[in-house]
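A.B. asks: The residues making up each chain are set out below.
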Amino acid sequence: MSKMKLTRRAFSYPYILFMMIFVVLPLVLILVNAFMANGELTFKNFVNFFSDGSSIHTLLISLAVGFITTSICLFLGYPIAYLLTKRKSGRYMVLLFTLPMWVNFLLRTLATKEIFQALNMPLGMATVIIGMVYNYLPFMIMPLYTSLSNIDKSYAEAAQDLGANSLGVFLNTTLPLSVPGIVSGITMVFIPTISTFAISELLSDRMITLFGDSINLKFTQDMYGVGSVMSLVMIILVILSNVLMSKADKGTKSGGAV
Amino acid sequence: MKKFFQNSYLGIILCFLYAPIMLVILFSFFNTADFSFANGFSFESYSQIFTSEKSEALLDALKNTLLIAAISSVIATVLGTVASIGMHYLPRRAKRLVEGVNQLPVINSEVVMAVSFMVFFVTFAFPEGYLRLIIAHVAFCTPYVVLAVMPKLAQMDSNIYEAALDLGASPAKAMVKVLLPYLAPAILSGFIMAFTISLDDFIITQINKGASTGIDTLSTLIYSDARVQGLEPFWFAVFSIIFVVVLAVLLFVNLKKSTKKEEKNI
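Those protein sequences? They're chains A and B, same order as listed.
Sequential numbering from 1 applies to the first sequence in my numbering.
Sequential numbering from 1001 applies to the second sequence in my numbering.
In case anyone wonders, no lab produced these hints; they're calculated from the structure.
Treat the hints with caution; some may be incorrect.
[Said to hold, decoys possible] Listed below are the simulated DSS-like cross-link pairs for lysine-lysine, each with C-alpha atoms no more than 25 Å apart in a straight line:
(1) A:K86 with B:K1002
(2) A:K250 with A:K153
(3) A:K153 with B:K1003
When you get a sec, could you build the whole thing from the sequences and use the hints?
C.D. replies: Structure follows, in structure tokens:
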């Protein structure tokens, strides 16, 4: 029997090997390249990145665009998700709101660009942010709707029975219980916004370069070292947001048990 | 009154989300690139798909897109299904570790994944072209197959498989006759997911296709063509076709899923 189990387990080995070679090793190479310059181990790439005003500038602009886009998506998306959970047809309507995200982002971005130009809107920061909100709003609505529709109604009813008004019910039960949805919505919008490729370039006529474009640019210019450092910065942001997400998830779960 | 405001809010946001798509579809029938009705109603944009000087490149790109998606998603489905069965029987710790690594391409930023593939291919001198693209596509599609199949395995009553063995089936036969039919719906949805993601990809293909090979998929061709001088009328027609196909397929799949759920609830 134990031999049986051993052979079944072996089915996972080809994929494990595949991932080690084609997923883990490439990321290790990024790590190695970040610490390599002219064939020796060094912190030079980090020094170059952090002392180069334009790289830091790109990072800060990207964080700002990410922050603004995420905030707008949250403020527009939360009421939508909330209103949809209140309706019987909400399950179907949420589909309508999230379907556009399955249409290739490049096509949607090019379509919006054509519209901006037809409306004579000057391409720049405003159009980049509108385009980002347009692209990522469905990614905010989806986790918010899932989280809001999974909240047990009895919490709100209990709060009501205990005399809370509708605002009180919302602030004290619904909002705190939807925190995991909020956090995962923020992650799903913020990370792609700052690391996206091509959207800002197209919607600002190359005036605004975001972090994702900048990473790609460094590699196409053969600056593997600095490009790798920038990728590492991005990986750290991804890890941070995922830690935050699992914390928020656990937080409400243990809270719910009490 | 309150209801009215709520409905208008939902309506306005829906308009915002669908306006670009609808406008492109509308003006694809007016053979225009600047949203005017001046040229009148016609199917000119659509016929240009086949007659414009770019149609050869376009049809080539379509062929590449489908070819790469088909090959990668078939490989990803086989690899991911077999892997899931194996992972199911791994000790808990090892299973969690492998699941963690499986998540990497899902959570990581796409640009970072793309450049890490590129550095890897350059470092080990992989030949430019289809090989690089298919490896990269398999690497970022397989996790979704695993994510589709693993939950189904976790729900499975392990007695079914053991019973087949007790009744004299060889492990291979038990797998083909019992395990695979049970997993079939999950495998199919994993395959569809992998195919769609590969089809939809732009970033990883753009960064790994190599400049000298001349290989283009639909999205990379559109990018290189539209970046310079904006969209020509025939792109409006191409976009419209893609929009309608994607939205129709998704609507169909999702509505079918939710009616099934409803039937179960009754």
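A.B. asks: Each hint needs a verdict: does it hold in this structure or not?
C.D. replies: Right, here's what the structure says about each hint:
1. A:K86 with B:K1002: 13 Å, holds
2. A:K250 with A:K153: OK: K250 (chain A) and K153 (chain A) at ~20 Å, within 25 Å.
3. A:K153 with B:K1003: Holds, at roughly 21 Å.
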